[in-house]
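To convert, count from 1 in the sequence shown and add 711; that's our numbering.
In short, the hints are calculated from the structure, not lab data. All the given hints hold, so there is nothing to weed out.
Pairs of lysine-lysine residues, derived as DSS-like cross-links and limited to a Cα-Cα distance of at most 30 Å, are as follows:
| id | residue 1 | residue 2 |
| --- | --- | --- |
| 1 | K832 | K843 |
| 2 | K771 | K908 |
| 3 | K750 | K876 |
| 4 | K842 | K771 |
| 5 | K832 | K799 |
| 6 | K750 | K934 |
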Amino acid sequence: MGRSIVLALQTLGVVFGDVGTSPLYTFDIMFNKYPNTSKEDVLGALSLVIYTLILIPLLKYTLIVLWGNDDGEGGIFALYSLICRNAKASLLPNQLPSDTRISSFQLKVPSVELERSLRIKERLETSSMLKKLLLMLVLFGTSMVIADGVVTPAMSVMSAVNGLKVGISSVNEGEVVMISVAFLIVLFSLQRFGTSKVGLAVGPALFIWFCCLSGIGIYNIMKYGTEVLRAFNPIYIYYYFERNPTQAWMSLGGCLLCATGSEAMFADLCYFSVRSVQLTFVCLVLPCLLLGYLGQAAFLMENLTENEQVRCFGQWCS
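Sequences and hints are given; from them, build the entire structure.
Encoded structure:
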């Protein structure tokens, strides 16, 4: 039992820090260019966020992608290695002569799915263009993950520190930047101690964060009304796009921020088991995120002119 708790805290600290802090800026960016002017807009944006969380982190990663690991290793190169070993798609020769002879046997299978898989495998083995394209996609995807790891910490820390201006009016933008830079230097300097120690150090703080996020969300729902629960009906997404198509399309970029960091669930799989990542996300992270977003939307529906989401927390704490 004790080991499971430690593993869950490490998983929180390493895997879910990114997606867990996305409520700090998601709605702010969604309504940055086109301010929310009606409760229906808030419901539509909230419904987008809810189903983005359900489709990408839950269905895609938790239920599907996590099972595509390479002997416990996750990430894009793990998938590439898995494909190369099973379909000989690597540009570098990594097959023994015996492997070539074994793979030359033909097996007539009645399954349509297996026949389709064999045809795709044969195309990968014989086409050098497809091999190069596959490698380019792998390198491109890895570059995007690295870029996300560079940009997102700055956004998360800046959004969190920016909340100081709510309670302390004397804090200006320059001081927010300097405090954020100091935090980032400390966080990046701690990485040399290893994933296990960093996870244990950050995990309890993130556990408190998720508890506060859900608590504030419940408070806002009880204070401002349960009308936000209607956003679980996806029809409000359709209404949102029908009523304000330009605003809805522009807000999609901000909506995707609610799922940023989901790739860490698979990329960091080498440090944790599939089951620990799944249980931590389903039992703790996802419910707290949903409650947090519901609470923010409830606040916005009663305060349509407010765009900085840190005020949702500052209003409650004041």
